[in-house]
Amino acid sequence: MSNLPNALERYSAAVGQLKAHAEFNKPVFDTHQQLVYKVMDAENDLRDAVAEAKTGISNGIHVVNYTPQTQTYADIETLDKMIGQMLTKEARDQIVKTVERPARVTIGEVKTNLKE
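In our numbering, the protein residues as written are 1 to 116.
Since the hints were derived computationally from the structure, they do not count as laboratory data.
Where hints are given, some of them may not hold.
Lysine to aspartate or glutamate pairs mimicking DMTMM-like chemistry, simulated, CA-CA at most 25 Å apart [stated by the list, open to error]: (1) LYS19 / ASP30; (2) LYS111 / GLU23; (3) LYS89 / ASP75.
The structure displayed is predicted, hence computed values, not measured ones.
My request is simple: use the sequences and hints to build the entire structure.
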């Protein structure tokens, strides 16, 4: 038997406990949220500054690395048009590979219009 329904119930119960705890300690959680947003804003500004300067930086507390990256890809549709009849289906299948990736799993809260 699948563990899926039990796993969902455990998740929902844990989220409910977290929400109740956050509501009970609202001033602490509000302050925490403000600080997290402040850190996120500062991090985004730092990332932008490093990207613009194209160099890393360190201050003895934090180190920020700048690593240029490239990505090489092939536009399969364009290749197919360019090669046309010169490539057999078998030869194309040996060149173009599609691999299965792990499924994307998202977890969200069901929104209702009912007021408690």
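Okay, the hints, checked on the actual structure:
1. A threshold of 25 Å between alpha carbons decides the hint, and for LYS19 with ASP30 the separation of about 13 Å falls inside it, so the pair holds.
2. About 19 Å separates the Cα atoms of LYS111 and GLU23, which keeps this hinted pair within 25 Å; it holds.
3. For the given pair, LYS89 sits about 17 Å from ASP75 by alpha-carbon distance, which is consistent with the 25 Å threshold.
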